[in-house]
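Undergrad: Each chain, letter by letter, is given below.
4 protein chains.
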Amino acid sequence: MVTVGIIGAGRIGKVHTESICNYVRNAKIKTVADPFMNETTEHWLKSMGVENTCKDYHEILNDPEIQAVLICSSTNTHSPISLEAIAAGKHVFCEKPIDHDLTKIKQVVEALKGSGIKYQVGFNRRHDHNFAAVKQAIVDGKVGDVHIIKITSRDPEPPSAEYAAVSGGMFLDMTIHDFDMVRFLAGCDAEEIYVQSAVLVDPAIGEAGDVDTAVITLKMENGAIAVIDNSRRAAYGYDQRAEVFGSKGMVATANDTLSTAVLSNAEGVTGEKPLYFFLERYMQSFATEVKGFIHAIENDTDTLVGVEDGLKPVLMGIAAKKSVEEHRPVKLSEIVY
Amino acid sequence: MVTVGIIGAGRIGKVHTESICNYVRNAKIKTVADPFMNETTEHWLKSMGVENTCKDYHEILNDPEIQAVLICSSTNTHSPISLEAIAAGKHVFCEKPIDHDLTKIKQVVEALKGSGIKYQVGFNRRHDHNFAAVKQAIVDGKVGDVHIIKITSRDPEPPSAEYAAVSGGMFLDMTIHDFDMVRFLAGCDAEEIYVQSAVLVDPAIGEAGDVDTAVITLKMENGAIAVIDNSRRAAYGYDQRAEVFGSKGMVATANDTLSTAVLSNAEGVTGEKPLYFFLERYMQSFATEVKGFIHAIENDTDTLVGVEDGLKPVLMGIAAKKSVEEHRPVKLSEIVY
Amino acid sequence: MVTVGIIGAGRIGKVHTESICNYVRNAKIKTVADPFMNETTEHWLKSMGVENTCKDYHEILNDPEIQAVLICSSTNTHSPISLEAIAAGKHVFCEKPIDHDLTKIKQVVEALKGSGIKYQVGFNRRHDHNFAAVKQAIVDGKVGDVHIIKITSRDPEPPSAEYAAVSGGMFLDMTIHDFDMVRFLAGCDAEEIYVQSAVLVDPAIGEAGDVDTAVITLKMENGAIAVIDNSRRAAYGYDQRAEVFGSKGMVATANDTLSTAVLSNAEGVTGEKPLYFFLERYMQSFATEVKGFIHAIENDTDTLVGVEDGLKPVLMGIAAKKSVEEHRPVKLSEIVY
Amino acid sequence: MVTVGIIGAGRIGKVHTESICNYVRNAKIKTVADPFMNETTEHWLKSMGVENTCKDYHEILNDPEIQAVLICSSTNTHSPISLEAIAAGKHVFCEKPIDHDLTKIKQVVEALKGSGIKYQVGFNRRHDHNFAAVKQAIVDGKVGDVHIIKITSRDPEPPSAEYAAVSGGMFLDMTIHDFDMVRFLAGCDAEEIYVQSAVLVDPAIGEAGDVDTAVITLKMENGAIAVIDNSRRAAYGYDQRAEVFGSKGMVATANDTLSTAVLSNAEGVTGEKPLYFFLERYMQSFATEVKGFIHAIENDTDTLVGVEDGLKPVLMGIAAKKSVEEHRPVKLSEIVY
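Chains as they are written, first to last, in my numbering: chain A, 1 to 337; chain B, 1 to 337; chain C, 1 to 337; chain D, 1 to 337.
Hints are computed from structural coordinates only; laboratory data are not their basis. You may find that some hints are simply not true.
Identical copies look the same in the list; a pair holds intra-copy or inter-copy alike.
Said to hold, decoys possible - Quick list of in silico lysine-lysine cross-link-like pairs, DSSO-like style, CA-CA up to 27 Å: (1) K322 to K312; (2) K312 to K55; (3) K142 to K14; (4) K291 to K135; (5) K46 to K30; (6) K142 to K113; (7) K14 to K28; (8) K291 to K14; (9) K55 to K30; (10) K312 to K113; (11) K331 to K142; (12) K28 to K46; (13) K248 to K142; (14) K106 to K312; (15) K331 to K55; (16) K106 to K331; (17) K331 to K46; (18) K291 to K28; (19) K291 to K312.
Start from the sequences and build out the full structure, keeping to the hints where you can.
TA: As C-alpha cells, this is what we get:
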C-alpha cells in the first residue's frame, strides 16, 4: 500500500482522486492540498475517503508517511514543486507539461539523477485502450516496419482567447499529447518538424498570437514519417484517432462512443458522436496511468513515462513554433537544450 | 446514505460488492454473509472496506442498522430469503430469477403487497448502455410503432452438463434475460411463444434433458413480433445484440469490444472480438442497477425492475419449455399462475 | 454464341435485355416478344441492338435459330410457356415463381425429364456478391457446422392492396426469395415451417387477405434452425441481410450503399441508406445469373438453379400459408405434391 | 450519337472501349488505332462491336465521320497527338498527364483557345461514387468552410524500378491523381507545397532517383490545409480514402470491398480487403467520365475536367519535386509556366 498526497484539487486533481479511490486498491490518498481549498471540495474529498485536506502543499511534502505526490497544480508550478518533492524524497507523478521552459525541465532532470525517485509524467493517452492496442499491434510485429503514422486530434471546443494567450500556444498545450503519441508509436524520437498552420476557428486566437488549425509533419529517427492534424473545434466532438501504416499492414482506431446503437431511418444510418471530451474519453487511461505509477513504486521499476518523455514533447513543441515563425522544416537538433 | 447487507459472496455477490464500493457513493456495505465464507474472501472484503463478514445471513436480517439486502445466494434460496427479508422490513434487491417455482414467486408477490418494501430483480441488461440507448430511441419515437424486435444472445462457452441439469434449463437460466429484454423493449407483455430448438453444441446437454440452440418467436400484446436466437457457444465470444424495427426506422446495436483498433493486412480487415463474457460486457450495468435500487429507496420511488418484472420472464420460460414439449405455439395465458 | 429470345418486355424483361447486351458477350438477343409491344419499347430495344420485336411469343418458339428463351411474362403464364418452350426444344430461363399451382409445376418437372433441356429459375440473389460470399464462407468451412441462419428481407414500399390480392400472398411473392436463400445457405431442404405474422404496415393488405410483417422459423433437414424476418415497408429502404452462425463462427452481411461516405456533425455520424430497391441492389446478380445460364447451355452442365429449386420455395410458401391459417408448425411433408 | 476513335489499345484504351460499348449508349467507337495492333486485340475489338482497327492513328484523325478521339497512348505522345487532333477539329479526351513538360502543355492550352474543341483530361477519380459523394457534401454545405483535407492514396504493389525511372517520378505518376483530388475537393488551387518523403518500400526505387513513401502538405488558396499520404505498397491492397473536415463537420470515405461479408471467429471479426487495384476500384468512374465527355460534346457544355485541370496537377508535381530537392516549402508561383 502506497500513501500518496495530491497537490492541486482542480479538474485533473479530482480525476486522479476519483481514480485512486475507485480503482487503485494499493494506493491511499492521505492528503489533498489546494491553495483555494473550500468547503465543497473538502466535503467531496471526505466523501471519497480522503483523510486530510490543506491549503499549503508543504504539509504533504513534510509528511513522512506520504511516499508519493501527484502534482496537479497549475502548469507554471509543475517544475518548482517537482524539485521540492524530489528534494523531500517523494516519488512524483507530474501532470504534463513539466514546464514550457527547457532550463527548468533540465533542473528536474538533473535533480532526478541518482536520486532513486520515481518520476512519471501525465501523458495518459499511452494508457488508453485504443492507443495501447495500436502500440501492441506494432510491438507484435503485425504492422511490420513503420512507414507512416497519422494522428488526428481535434477538440470539441476552442479555449478562450485568454487561455490561448497564456497556454504556451496550441503546440505546447494541445499538440504536446500528439507529440508524445508519435514518439510512443514510433518507438523513437523525431528528427525534424514542419508545420502548416492557420487560424480558421476563432480570429481571437489569432489575435492572441496562436493558431487553431495545423497539419504537422515529422521525420522520425527510424525513417518513418508522421503527420498530426489538429483543430481546436470539431463540430461533432472530440476526435481522437491514430493510424499506423507499415510494411505488413495498417492498424487504425476509431473514436469511442457512448453506445453502439445505430438508427436507420429515411434520413440515413446514424451512429453516435464521439465521447464529448477528454474526461469522458480518457477516464480509463487516467486510472491506468496511476496504477502504473504505483506499480513502479512498489516494484522498483521504471515508470512508463519518465522525465525524458516529459522533456521531448516540449522540445517538439518549441520546434513546431519555430517552424511556424520561420516557415521551414526545423530539426530537433536546432533546439538548444 | 443507505446501509446494505449482501447475502452471498459468490461471483455475483462480489460483483455487487465491487460496484457499490467503487461507484455507489450513497450506499455502504455493512455486512456480507456467506455460508462458505473463508479467509481469502474475508480479506478481500475488508480490503474493499466492508465492515463485517459472517456465515449466517440472519445476522444481516436481524441488524436494525441495515436497511436493504442484496440476495446473491444460490437460486433456490432467492424466494425464501426474499420472504424473510420482507418480513424483517428490509428493502430487497434479488438476483434473477426470483424462483423457478411460480407458487414461490407468488408468495413473494403477496408478501410485498402493502409492505412499502422496495423490491428489485437483477435484470441488469436493461441498464446496459447499448440496450438503454435502444430503449431511449423507442421512447423518443425514433422507431415509430414497433413491428419486429430481434435479440441475439449467445454465450461464449456452454455450461457443464451437470450445471445444465440443475439450471432449470436454458430458457430459465439464459433466455430469461432475453425474455426480460423483449418485455423491456416492447413495453408490454408477450401473448404467445413458439420455440424451435436443438442440441447442436454439446450432446451431453441433450442427454441432461436440455437444449443448447434455439430460435424463439413471440407475439407481443401490442402486436409486435419478437424473435430471440440463442446459442450456448459462439466461437467468437459473447454475442449480445438487439435490433428493433418499426414504422419509422430501425435501431440496432453491435457488440462492445476492448478497443476500436482494426488491423488491415494481406489476410483482411480485422477488428476485435466481442468482450468475452458477462462480467466484462455488463460490468457498467451492474453498477447502474444498484445505483437505481439505492435511488428508489432514498427517494421512495418504484424500483426500475419490480417483482412483476421478475415473475413474467419465468412465466415465459415455462411457456417456452411447454412449446418445446408440445411442439406448438403456447399462449402465456395457458400458464397457470 | 447462344441466340436467345426474350418473352415479356416488362420491368424484368428489360433488366435481362440490358444485362445480356452489356455483359453477356456470348449471348445475342434475336427477338423480344410482348403482347403490349409499343413504339417506345421497340425503339429502346433497337437501340440496345435487338434485331426483332413482335407481339406473339410463338414467333420466338418457332424460330429455329433461337436456342434459348427467357420467360419474363406475367406469373400465370410462366408454366404454360415453359411447357411450350420445352416442347419446342428451347432451353428455358424462367422468372420466379414457376407457378403458384403445384400441379402445373409438376407438369414442367415431368416435361423436362429426359429432354436434355436446360431449365433455370430466376432466383437471382444466389448470384449476389454478398450472399455468394456468405455461401463461399460456409463452403470453405469457415463457419463450421451451420446452427442458425438468419435472413432479413424488408421492402422499401408495400405493394398496392390490388397487387397483394393477386400476388399469391407475401410468402409466394416476396418471401419466396428468402426461402430460396435459406435452402441455398443451408445446403438442404426445410423440414418444418412456423409463421408468426401480422398486418402492421397497411390495413388494406390485411383486408385483401394478406399479411405484411412476418417472422418465419424453419427447421432444416441438417438440423439447423433458420429464421426469416419480413416487412413490406422499411422506412430506410431495401433491407437485405444474411447471418449464418455455426460451430466455428459467424458470417454476416450488411446492406450495400451508394457510397461509403460518412458525415460526422453535431447530429451524429451518418452514412448512406441501403440501395433503394431490387433493381439498384441486385443489378449485378441479374447479369451473373444469365451468364450462368448461357454457360450451362454452352458447356452442357446443370443450371445453377434448376426446376427443383424452383419448386421447393413454392412448397415452402404453401406451408407458410398453412401455418398462418392453422396457427401451428407445418411439416413440408404435409404439402401434397 | 457521337462517333469516336480510340488511339491506343493498351490497358486504359481497352477500359474505355469496354466502358463505351457497355454503358455509353450515345457514343459509337468507329476505329481503334494502335501501332502494335495484333490479331488477338483485333478479335476482341470486333467482339465488342468496334468497326475498324488500324495501326496509324492518322486514319482516325483523317476520318471526317469521327467527331472525337480518346488519347490512350503512351504519356510522351499525349501532347503531340492532342495538338494534331485539335488541328483536325476533333474533340479530345486525353489520358492523364497531358505531358510532364510544361511547355508542351502550354502548346495544347494555346491550341485550344477559341477552337471550340472540347478537351477533357482523364482524372477519373472525380467521377468515383465515393469521392463524388464527398464533393457533394461539401457543395451542399454539410461540412461548412473547409479547414483540413486528407487524402490517403496507397498502391498495392510498387512499379518496377525501370518504370519508376521513366515515369516522371511518384509525384507526376501517382500523386498527380491526389493533387487533382485536392483541387477538386478544395474547389481552388494550391498555394504552397511541402513534401516529406522517403524510400521505405524498395531501395531500387531510390536508386532510380525516385521515392516510394511521402506525406505532402499543401496550403490551399482558400486557406484550407491539405495533406496527402502516399505509399507505393500497401500489404492489404489499394487504399483510396478522403476525409474533409470543416466548420460544420467532417465527411470521410472508406475503401470499397468485393462484399460486405464479415466473418467472426476465434481470431477476430474480419471483413474483406479493399478492391485490389484501380481497374477494380475505379471501373465505374471510367464509364462516368466518358459519359460526361460525350455529354459535353452533345450539349456544347464545358467538360468536367478541362485542360487547366490537366495542367495544374503537373505544376503541383513539379513543385513537389522541388520541395524534396530543396527540402523546403515551395510556392506554386515559383514554378514558371
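Undergrad: Now tell me, hint by hint, if it's right for this structure.
TA: Results for each hint:
no.	hint	in the structure
1	K322 to K312	within (15 Å within a copy, 31 Å between copies)
2	K312 to K55	neither (32 Å within a copy, 57 Å between copies)
3	K142 to K14	neither (38 Å within a copy, 38 Å between copies)
4	K291 to K135	within (19 Å within a copy, 36 Å between copies)
5	K46 to K30	both (11 Å within a copy, 19 Å between copies)
6	K142 to K113	neither (37 Å within a copy, 55 Å between copies)
7	K14 to K28	both (14 Å within a copy, 22 Å between copies)
8	K291 to K14	both (16 Å within a copy, 21 Å between copies)
9	K55 to K30	within (14 Å within a copy, 33 Å between copies)
10	K312 to K113	within (17 Å within a copy, 57 Å between copies)
11	K331 to K142	neither (30 Å within a copy, 39 Å between copies)
12	K28 to K46	both (13 Å within a copy, 14 Å between copies)
13	K248 to K142	both (6 Å within a copy, 24 Å between copies)
14	K106 to K312	within (11 Å within a copy, 49 Å between copies)
15	K331 to K55	neither (43 Å within a copy, 56 Å between copies)
16	K106 to K331	within (20 Å within a copy, 39 Å between copies)
17	K331 to K46	neither (50 Å within a copy, 56 Å between copies)
18	K291 to K28	both (12 Å within a copy, 25 Å between copies)
19	K291 to K312	within (23 Å within a copy, 44 Å between copies)
In the structure shown, a violation is registered for the earlier hints numbered 2, 3, 6, 11, 15 and 17, in ascending order.
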